[in-house]
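Undergrad: Put together the whole structure using the sequences plus the hints.
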Amino acid sequence: MGMLNNRMNLFVIIVGLLLFLLPFIYESRTLLILLTQIFIFAIFAMSYDLLLGYTGIVSFGHAMFFGIGAYSTGIILHRMESTIFTVLLSLLVGILLSLVISILVGFLTLRLKSHFFAMLTLAFASLFLVVAEKWRTLTYGNDGFTFPLPEFLRDRTYFYLVSLTFMIAIYFLLKRFTESPFGKVLVAIRENERRVESLGFHPLYYKVIASVVAGTTASISGSLYVLSLRFVNTSVFTMEMTLDALLMTIIGGVGTLIGPIIGSGLIEFAHHLLTDLASISPIFERWIIFFGILYILTVIFFPLGIVGTIRNRISGKGKKEKYAKKTVAG
Amino acid sequence: MEVLLKTENLETFIGQYHILQGVTFEAIRGEVTVLLGRNGAGKTTTLRTILGLSPPSRGKVFFKQKEIQELPTYKTANLGIGYVPEDQGIFPYLTVEEHFKIATKGKGDKVNERIETTLALFPDLKQFWRKQAGVLSGGQKQMLAIARAYINYNELLMIDEPSKGLAPIVVEKVMETLERMKGETTIILVEQNYLMAEYLGDRFYIIDDGKTVLSGEMKELKEHEEWRKKYLGIS
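Residue numbers (the UniProt record's numbering), protein chains in the order written: chain A, 1 to 330; chain B, 1 to 235.
To be clear, the hints were calculated from the coordinates, so they are not data collected in a lab.
Mixed in with the good hints, there may be bad ones.
Result set (PhoX-like, lysine-lysine): computed pairs, CA atoms no more than 25 Å apart in a straight line [as the list claims (entries may be wrong)]:
{"no.": "1", "chain 1": "A", "residue 1": "K175", "chain 2": "B", "residue 2": "K131"}
{"no.": "2", "chain 1": "B", "residue 1": "K6", "chain 2": "B", "residue 2": "K75"}
{"no.": "3", "chain 1": "B", "residue 1": "K64", "chain 2": "B", "residue 2": "K75"}
{"no.": "4", "chain 1": "A", "residue 1": "K175", "chain 2": "B", "residue 2": "K105"}
{"no.": "5", "chain 1": "B", "residue 1": "K105", "chain 2": "B", "residue 2": "K126"}
{"no.": "6", "chain 1": "B", "residue 1": "K60", "chain 2": "B", "residue 2": "K101"}
{"no.": "7", "chain 1": "B", "residue 1": "K131", "chain 2": "B", "residue 2": "K182"}
{"no.": "8", "chain 1": "B", "residue 1": "K211", "chain 2": "B", "residue 2": "K222"}
{"no.": "9", "chain 1": "A", "residue 1": "K175", "chain 2": "B", "residue 2": "K182"}
{"no.": "10", "chain 1": "B", "residue 1": "K219", "chain 2": "B", "residue 2": "K229"}
{"no.": "11", "chain 1": "A", "residue 1": "K113", "chain 2": "B", "residue 2": "K75"}
Away from chain B, derived, C-beta distances all over 10 Å, residues of chain A [what the hints assert, rightly or not]:
{"no.": "12", "residue": "F11"}
{"no.": "13", "residue": "F24"}
{"no.": "14", "residue": "I95"}
{"no.": "15", "residue": "G141"}
Using N, Cα and C, we set each Cβ at its ideal position, and we do this for glycine too.
TA: This is the structure:
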């Protein structure tokens, strides 16, 4: 396991370096914008993986934190002078708001059983969506609003590098977190919450902390998302956002952190490619159908997600399971 | 003789079923107290009730003379009560090392010393140190579950059917290990395997239909075949 981890870290560092060099050796504005989107959604999906993959919490309201980050940045840059200071301030405000709300929502909801918890998080996220739609003086409702960016962030290459740095830094921070004794307790909670309790741990406390870390990370991705668009509207609070994170995590491989990055890349690329194909044949206008097929195929051939299935094959678990089944059958 | 744990007329419902209808027993410090009874008599529920996993509707639990039946499970466990459940309750995706580190809560000056002492008692676990617990055999999982409860020097260990589902040779190994632990800690043992219970136990309580119906020293039960026939269905 340790060697596999070291290899994975090395792989991330090498790919990260190549991605850093990319804008200087290959000039494509479209590719830069696409990769920037991938990095931002990878952060969002990693935050969801912390909940789903490591703690076993299924949340339908994770977009709430993405939206909080998005609106914090949007509103501050819209109302204040656009400088590096205000951008940092807006990130910090998003993080603090997410922290407070994730603690409150966590203590109110995480005592519940999984499906009740999932529904309640959905209700909370819907509440934020309604507030964003109705508080028009602040949010301009569903129409949203644009805001100016400081000079240095208007450069697509620069913003690409900023997003990549955030993604890699967050990956290593979350990896450190999940490999710490605290992270191992989270995995134990995912596997058997009652047993963890009988070892003397208070699962609610651990789940709330996981939810806070996931919420604040999602808020950072929300802030970066609207900085990349220079526009924010209520779509950041919708269920689709949470579902995107869920799909990215499942396709990439839950409980792996690297999986959500790969899942994000696959989904964003597939989305981009299928939308482009619409100009060739009208059938591709219904790109969502192909998207569904892609998802079904991934689940069939990579039941543990791409990274999870590959890891299993490398460690020989798949073979052992097949052998065990054959032996039992024979 | 110091009474470490005592229950008084414990009554517990699981759903609509009245499982425990008056369980009273004592565990003496340093001894192995065996809870015996037929399947479904309420032995496992008794352990779960003590730990707060199935809270009692009536009755009291005293640990070192303090009432603990109202406490949440994690607080009860932190008083120094280790629990080895019937299904072992290991975490398949965590390594043996991670199980140990979680159990010790990764803090305290003597963590390494505690790990070494425990590994001396469970030497087989050393070779699987960095293996995920899911790939261990049934016997190794059982050893890991007992080691996890033992490592914190808990004052009381509650072990639920450690021989269940294991091959006879593995059962012998588990028995040897528990025998070595005897005297170092107080044990409440729930066991269907009468030979194991007789070998390890100092004192017994028979639970029948959710009530304690008979108790005494283990040697008394050994001498009274008619008790064994009547309550346990064995001669």
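Undergrad: Would you mind marking each hint as holding or not holding in the structure?
TA: Evaluation of the provided hints:
no.: 1; hint: K175/A <-> K131/B; verdict: holds, 20 Å
no.: 2; hint: K6/B <-> K75/B; verdict: holds, 17 Å
no.: 3; hint: K64/B <-> K75/B; verdict: holds, 14 Å
no.: 4; hint: K175/A <-> K105/B; verdict: holds, 20 Å
no.: 5; hint: K105/B <-> K126/B; verdict: holds, 19 Å
no.: 6; hint: K60/B <-> K101/B; verdict: violated, 33 Å
no.: 7; hint: K131/B <-> K182/B; verdict: violated, 29 Å
no.: 8; hint: K211/B <-> K222/B; verdict: holds, 21 Å
no.: 9; hint: K175/A <-> K182/B; verdict: violated, 42 Å
no.: 10; hint: K219/B <-> K229/B; verdict: holds, 16 Å
no.: 11; hint: K113/A <-> K75/B; verdict: holds, 21 Å
no.: 12; hint: F11; verdict: holds, 21 Å
no.: 13; hint: F24; verdict: holds, 41 Å
no.: 14; hint: I95; verdict: holds, 27 Å
no.: 15; hint: G141; verdict: holds, 45 Å
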